[in-house]
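The sequence shown stops at residue 1089 when you use our numbering, and every number in between is there.
Calculated from the structure, these hints are not laboratory results. Cβ coordinates follow ideal geometry from the N, Cα and C atoms, glycine included. Check each hint, because a few of them may be wrong.
[What the hints assert, rightly or not] Restraint-style ranges between C-beta atoms, simulated for each label pair:
{"id": "1", "residue 1": "Gly990", "residue 2": "Val828", "range": "22 to 32 Å"}
{"id": "2", "residue 1": "Gly1047", "residue 2": "Glu1083", "range": "17 to 27 Å"}
{"id": "3", "residue 1": "Asn981", "residue 2": "Lys941", "range": "28 to 38 Å"}
{"id": "4", "residue 1": "Glu937", "residue 2": "Gln903", "range": "50 to 60 Å"}
{"id": "5", "residue 1": "Pro913", "residue 2": "Arg951", "range": "46 to 56 Å"}
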Amino acid sequence: MINKPNEQVKILIVDDNPVNIDFMVELLEEYDVRTVTSGQLALESARNETPDLVLLDVTMPGLNGFETCQQLKASPKTKDIPVIFLSASKDTASIVKGFQVGGIDYITKPYNTEEVQVRIQTHLKLKFAMEKLEYINKHDELTGALKRDAFIKNSVSWLRRANKVSLPLHLFIVSVKNSKSINNTYGYQVGDSVIKAVVVVAKKIIKKDYIIARFIGGEFIILFRDVSEEESLSEMKQFQNAMGQLRFKKIPDLHVSIALAMTASTSQDRSIEDTIKRAEKRPLSS
């Protein structure tokens, strides 16, 4: 979710002083706040349920705030969580250290409540703006499916894992038949509705673990993992049938059909593009 109402924004407060925690909890009552009292507990909490923002006290027994932040930034799962340091120290070296280890801000005690609220709001806005930009860069504007480059990048880990566990990925090329004819006959608005329906119907029908990407025009790629060939074929046949039954209220005579091509990955595939090239030569009969 790119934008959230405040009550869904998760903020993790890390401080060993209960007075400071109570103050922050009251100040941030409009948010979904969690609290822990040590750096180690902060790491565990962030890994279990990723917060949108961490407020981290610098001076704590055990792992201090700087060490905790370094460990958060070292983990792929938590490295992108924005961290704001809280400290009684106004020492320049301490402030600089906070930014060096990955903090995005440094708030000193005693707190100015209005300043704290504004800083938190500002950093949350920046976080969600960056997430929106990242989403736009990775996803097709019309359908919400992955773009080609994002799909190929995402598939790297899938392909590596498939080779490791000797369970191939199953890749399908999905092509909307006569998409150009639909545009010419009914207009591009209807054509766009048909294209969008591919992703909508896929989400409704396909229950296995998959990713979908729009490559060009009315062509999509659907990639399955951790399923057998029979299971993936069954899912795609149901999807194909559902697309064929799709009806548009204002254009009852419009019937949509899709063509499928399919193959499985092999240990010789250097990238998912090798798999795609093979699938292009293996159309399935309708």
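A quick look at each hint next to the structure:
1. Gly990 / Val828: 22 to 32 Å: violated (55 Å)
2. Gly1047 / Glu1083: 17 to 27 Å: holds (22 Å)
3. Asn981 / Lys941: 28 to 38 Å: holds (29 Å)
4. Glu937 / Gln903: 50 to 60 Å: At 25 Å between Cβs, range violated.
5. Pro913 / Arg951: 46 to 56 Å: holds (53 Å)
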